[in-house]
Structure formats: structure tokens, C-alpha cells
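A.B. asks: Sequence:
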Amino acid sequence: MKTYSSSRIEPAEFYYMKKLMKCLIVICIATGNLYAANAARLDLVTPQNKVTIYYQKSEVKLDSIAAHLLAADIELVSGYRPKVSDNISGAKGNIIVIGQVDSELIKGFGGKATDPDLKGKWECYSLRSLFKPTKNISNALIIAGSDVRGTAYGVFAISEKIGVTPWYWWADATPKKQNALSINIHNFLSKTPSVKFRGIFINDEDWGLQPWAAKTFEPETKDIGPKTYSKVFELLLRLKANLIWPAMHPSTKAFFHYPANVKAAELYQIVIGSSHAEPMLRNNVDEWDEKTMGHFNYLTNRKKVDDYWESRIRESSKVNGIYTTGMRGVHDSGMEGVKTIKETIPLLDTIISRQRDMLKKYVNPDITKVPQAFTAYKEVLDIYDGGLKVPDDITLVWPDDNYGYIQRLSNADENNRSGGSGVYYHISYWGRPHDYLWLATSHPAHIREEMTKAYAMNAKQLWVVNVGDIKPGEYATQLFLDMAYDITPFEKPAFSSTHLEKWLATIFGSSQSVSMAKTLWKYYDLAFERKPEYMGWSRTEPTTAIDFTEYNHTYYNDQAQLRIDAYDKLVASVESIGAGIEINHKAAFYELVAYPVKGAALINKKFLYRDKAYLYAKQGRMSDQTYASLSNDVYDKIVAETKFYNTELAAGKWNGMMDMFPRKLPVFNLPVFDLPKANNLPALRALPEGYKNADSTSGLQQFSLPGFDRWNKQKYFIDVFLCQNVTRKFAVSTSENWIKVSAGNGELKPEGLSSQQRIWVEIDWAKAPLQKDLKGNIVVKADGDQYTFSTVVNNGLVGELANFKGHIESNGYLSINATDYSLARNTESRYWNVLNGLGVNGKSLESLPLIQSPAEGDLDTLKVKGNPAVEYDFYTFHQSPADITITSLPTYPLNKNFEVRYGLSIDGGPVNIFNFRTFGRSDEWKNNVLSNSAERTFRVQDLKSGKHKLTIHMIDPGVILNHIFIDLGVDQPFYGSLAPTYQATPNGK
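In the working numbering, each number is its position in the sequence shown, counted from 1, plus 36.
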């Protein structure tokens, strides 16, 4: 079959870094070549050579800052701190020269010192190695920038080359010590960044960054002040970013409250912006005083509001800034004084016009030269769609829905605007339906999918990511900004996992980066199914109490236990890797890997153990109290891990940074138990998988296990457990030699989990007779108690299935991954493409290409049968009604021209059209974002036994299919991922 990558561009993995690394090859330099710009080795610190760093002295201080930071980086690696100077007249030996391409310092080395294509570019740099450029200089590395930030990016590229990552300070990523330090340099010119303005929004800082800065790092300010922001700005430059939306919660003073904050941004040449709710670089939460200034209402208090904005514009007129236009409430709320979109639009039009007049007066008479942004966040998107005309030169910033799904992107008309468009994205969020402020679990493949989509739809002017407190979102921040700097390698879906592995290798080395990456990838997979913060099945705004999870404990091999086992495996992997981590990497490993994985595992166990405690109490198990204790113990372990993070990790450096219960939501609380009591119970009971009556007091002693068949080769469990405070031995026997059990006997004791044992039942297919309805039983005996479990096994030869290539029913249902199709029918212009790494089972299927406008007829729902489609052949053993549920990722229409639709037909019948678009913050949307899934179910009233074909027809681009569940009467709910039922042959992809 024909498949396509998600872009026609052939990706070059990690393009600019790969290009640089490829060039770092030692080439012998011919004797007497006095002015060559070929590949060369530069000794930075050796017994014979000690490099000196020179920069161009100017009013812009970033060259000096970068030069001194590079010297500190070299010292961090080698132990020797190079001299730094702005006077090159006495230079000798090996030197590094830093400056803009048009600076006198760089021009003094002649034309071969820079790339001829460097001038005039945005934030680019070139590297040139010069041999004997003067009599006294042996070797010179010239780092030249097209502008001041480009120069800094070039400097920090060298820092990375010697092993200093951007996270050396923020994640304690200590580089490997090298007594002799040399680098290999080749002529290199960086690409223009993919996105012009790239940055972060520090938000919801009340439980991490602000208390840490106020009490630990910057107590002299008692706030996030210039000392903290200087560290943030350095990090941004090392990540090749250029923009900050400063912290703005009530716990933090406004950015402009401390003049040294603004000065720090100037020193580091960071562009200052503000969030969607903060027009004109104002922080309304801190700076608008309703008592003295009145209501923040433009209808009733226009002069005060205008004066408020005008004073900041006047103050910031020389600042390198991007001005947010428009108006919302004081904080994250709608505009005051208006009730309908119809009355809001003319008022907002007046407000934007007035703001632009102020900008022309104080910043630049040519308003098109003043960077401005309009963020269509929450209710503002409805206002924009209602007809608001945003001036052409203002950048439209499209937000996600706070949960990683971008709500809208530009159509062709919007892409023709001179201001272009951008994206505001979240990897951390406070709000309904539930916060995720504790652990950073946004899936790399999901971030990649959304942001490459944004780029494909021409959102290239500004990308901002809400990073919360920065920690523990280190990797997601790196990933987002790496994509913003160079999108090319990410256009290949598989690069997500490659990027994670490479990032870990830069910090911990390549020997353990593969195992770490696999561990973290599984951590992201599990959280994509359900984030740790959502495991209480509670809500916020309004806050609701915790509830039982939706994981099935009694069927599908015990979904809850499988999740516990998966986390246990992750924690074991973390412990194994951690045992081999070098001492200088221990802190970084704990921050980036151990604490997040352990924290996620523990909070999952807290609630899954709680489920089991209540379920098993109803069954009368002695183990119910044990599970309650385990749930409570988990809480104590989270407390202990968090205390270590804050007080012992890195000698207390991060004290106050990690809070295990941000906003004190119910999900973080110590569980409280009021377990039910079951009376009149026998000493020992045994129950089969699939038994739905939770109460064991029914007195039944004969049960049936779910059916087995030769294709799916199922295994099921029987739980044997004590109901009284006694010790009991039991024996397990089978009526047939082809029935296998995991244990033939056992002894149960009332202490802890020794009071129960799970017996697994399978079929030995080599011994089982070739019959359709084989019958047998398993007997569990203990003293006078006996429990019998009948089995029905299908080991018959079905002629229809001899050459069948499709999916086969398993005891009343089929579970099919969307990528496991039997046939894909694509065209040259429209096609289905596999997204590796994305979705609850690790792969998804996307309708492509991503386009601004549909071709004629593409969206005609009356002609859907002619569209590209994927077909799924499947087989059922019995006649029944069927509920066919298609699960997709809850994405949004690409732009105003599209919906999120697909067509579905059975056995060539009529096509049913489904649209999973949601509006606002409806209950459906809430369920969708909490589960990363959107479901649509099609009912077939009478599905005959035998062969069938399910066809999903493409309609809109950007639809991402994940899973298909065909319920033939299984009557067993499940949550999240489900193992696929048997597929006769793979589709060969």
C-alpha cells in the first residue's frame, strides 16, 4: 500500500546541530597555510594552550555577558577559567572572538572571518576557524552574529559542544570533566529560526517558582526579581529563544515593579511581552487597584484605563517589547461591562484603535514597526469569529484549549495578513476541568503533532509555551523551543522519541540515554491515557470530591492491576538506571527522571489501591484493609520524595520549588476510608475474571470463565482469597489436560496480601482437540469449600477463516488499533498517514494533507464513498447487535473552513457522517481533554455472524484516529487503552 510522511519535505534530523556536528572533523592543516577557513582543531585548555575570549565592547552588553558565560562554561568543564577582554590589541595564542558581523572587531579579521550570507539575517550566526590570522595569534574561532542574539546563540552552540547543556544550572546537569579541552570546528552558517519570536510564559507560579525565589534564591527581593529573571533569560538564550511573558499571579509583583527586571531583559536582549489578559505590558492583577482606580471597565472608566495603559507605554517606549492588544477582565476573565458579542465588537475595535494611537505616539509613528499581538483566548475567539476586524499588522495568536489541542489556525485570508500568526500553548495549566500543575506529563509526540501542524498552517511569527514554574517542565520546554528554532527534523513523527534520547544523552551520556528515554516515553504514554493529577476522577471550578477510577478491576485481565504493574516496571527501571548514575549526575537524574516517574507511579497507586480496597471490601476479602493501608502509605511516600526534592536535593538549592498539592485540590489529599462490611462469609472464596457481582455473600460456588478461542489465545484469572482471619490451604485441579493453571495449590494467610492469590488459566492449544465447543472445568478446593469454574473453548477449524486477513472477535468484542487496517485507499493529493508514538497504543492515523482551504468537492458529504478510506476486515462468531465506537484524538478543525468529520460504513452500506467537534467548555469537551479521546458510536441493530468490512472515509484533514471498539455484547466497560484482539495477518506497514 502507499503511505506518505506527514510532510513532502524530506526531514533532516536535528538539522542545524547535525550539520554542525558533521562538520566537527579534525583535518590536518597544511604547513604554511596562513589564512585558511577549513576544518580545524582548536585547543581551549591544554598544558600548552589556554584560550582567551575577546568581544566587541558596545552599548549592548550581551556580547560581554555571553563571553563571560562561555568562560564560565569552559571552567565548569576543565577547571580553568579563560581570560575575557574587549581589547584585542595584545591577543596571542588561541583565541575566541565574539561579535556582530558588522562590528569593527569582526571586520578586522577580513572577509573570510564570516559567512558572506550572514548579513541581514534574523538571529543567525556563523563559525569560522582561522589559522594564523596574525603573527601572534595561532588559531582564532570567529563567532559572528547577524545580530546580537544570533551572536549569543553561536556562543552557546560552542558551550553545548563542550558538554554544557542549557540546563546545567536549572537542572543541575553537570558536564563531564575534561582536563584537556579541545573542539573541532568547521565553517558553519546557522539557519534562520523557523519561528520569529519564541518564548515562555511563567504562570501559576504560586507553588513553585515564586516561593522558591522569595525564600531560597532571591530572599533579598522576596519575589521573582532580577536575580531570578537573569537566570531565566540566560536559559532562554541557551535554548535559542528570545521572548518572555513574565509571571503575573497575585503572589508575584508586576515585572515592571522592579526596574532591574526590565534592565535584565535589556542586558540579555530578551523581548518582553505579556499574556492574553495583560494589554500594553500591564500586569492587571498587581497594578490595577480597583479601590483607587475604579472598575476595569472601558465603558464607565475609560480615562482611568487609558491613563493606565498610556503610562506603561510611555515607560516602555524604549523597551524591546511585543504589546498585547485588546482587553479582557482584570485577570483571566471576560471584559467588564458587556454582555453580548454584538456589543463587545465595536467596543473592542475602539479599544484597539486607541491603544495603537498611544503606540504611535510613544513607540513609533509607523505602527507597523511596533510588534503587537492579539491572542484569541477563551471568549475572545468567539468575539473574533463574531466579526472583529483585527488590524492587518497585528499578529494573531491562536491558543490551544489549555490541554494541548490548538483551537484554530489561519485560513488563506488570515495568512495573507502582514502580521502573520502564532500559537500560545500549554504544558501546565490551572483551571477547569482539572489543573495539571504538579508533574510535567505533556506527551512529546502530542506536542510535536500540534506544533508541526501549526507551522504547516503558517503560524510562524510567535510561539509561546506556558511552562508553569519551569521545573519540572524542563524537557517539554526544550522540545517546544527546539521545534520553534528548527522545525525541519520534527516533520517526521518518529523524531519525537529520537529527540528525547538525544537530549538525555547531552546530559547523562549515551550509555544510559536509551534506557532512560524508553522509561520516560512510557511515563508519557501512561500519562497521556490519564494524567497523574486526574487520577482522582475529580474536577475543579467547581471543585468536586474524588471518585472511583473507571479502570476495570474485574475484566480485561484487570486493567487497574496492569496499570499498577506498568508503573512498578517504570520505577524498577528508574532504580536500576539510578544505581549506575555517576555521582555528579545524581541530582539531574532525580529532577528529570526519578521524581516525575516515582510521583506519577505513587499517585496512580493511591487511587487504584483505593479502588481495590472498596471493591474487595464488598467481596469480603481480608485484603481490603491492606489495600487501604497501601493507599495511605503511598501518600506518605509522596511526602517523603517531595521533602527530599526541596530540602536535600542539590544541598537544598530547590527548597520551595516542588509542591505536591498545588491549590490543595482533593486529588492530592490523604485518602479517607469508610469501607463496607460483608457478613456471614465463608473462610475462603474464589471468584473468576468477569464476575460482575461485587458482593461475595451470594453463596455461589459454580461459575463460568469467559470463553477461549484458538485465535485470541486468551488467559483469564481466578482470585482465591480469605474472608476470615484463618489460614487455609487450597488445591486447584482441572478436568482436562489441555487446561493449564499457574498454580496447583497454595496457602493463604490472613496477613497482608498473603490472604489472596491470583490463579491464571490458559489453554494448551497443542493438546486441545480440534473442536468448536470444548468444555472443561477447574475446581478450587479448601477444606469443606469447593468452587467450580466451567470453561468453553473454541478450537474448531473455521473454513471461512482459512485465508482470512482481518480481525477476529474475542468473546463478545473486537479491539482494533486504527493503524491496523486491512487496506488503505489513498490518492496522490489526500492520504492517511501513520503517526508513530502518538495515542494510547503508541500509533495513530491522521488524515492529510494539512491545508488552508479544501479543493472543490473534498468536503461534499454526499460523495464520501469516493474519498480516501481505510478498511478493517473483521469476523464475528455469533449474530448480535453491535456498537462500533471510533476513538480519535480530540483535535479541532484546522480553521474556519473545516470540521472534524469522517464517514463510517459497514459492509458497503450507507455512509454515516460523524463530527466530534466540541464547543466551549462543555461536559463532552471536559471528558475529552481528561482522557485525550473523542468518541463516536454507531449502532448496528443486527450484525450477522461471519465476515464484515468496516470502512472509515476521510472528510476533513487533521482528523487523528486512534482506536476502534466493536461491542457485540461483552457488557464490560473499560478505560483508556485496550490490547488489540487477534488480527489474522498484519497489514504489512
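Careful, some of the hints might be misleading.
[As the list claims (entries may be wrong)] Derived lysine-lysine pairs resembling DSBU-like cross-links, with alpha carbons at most 30 Å apart:
(1) 634 with 700
(2) 605 with 673
(3) 728 with 700
(4) 901 with 983
(5) 299 with 267
(6) 749 with 901
(7) 197 with 751
(8) 901 with 751
(9) 212 with 171
(10) 251 with 728
(11) 673 with 751
Since the hints were made in silico from the structure, they are not lab data.
A.B. asks: If a hint holds in the structure, say so; if it doesn't, say that too.
C.D. replies: Results for each hint:
no.: 1; hint: 634 with 700; in the structure: holds (20 Å)
no.: 2; hint: 605 with 673; in the structure: holds (17 Å)
no.: 3; hint: 728 with 700; in the structure: violated (35 Å)
no.: 4; hint: 901 with 983; in the structure: holds (21 Å)
no.: 5; hint: 299 with 267; in the structure: holds (13 Å)
no.: 6; hint: 749 with 901; in the structure: violated (36 Å)
no.: 7; hint: 197 with 751; in the structure: violated (52 Å)
no.: 8; hint: 901 with 751; in the structure: violated (40 Å)
no.: 9; hint: 212 with 171; in the structure: violated (34 Å)
no.: 10; hint: 251 with 728; in the structure: violated (54 Å)
no.: 11; hint: 673 with 751; in the structure: violated (34 Å)
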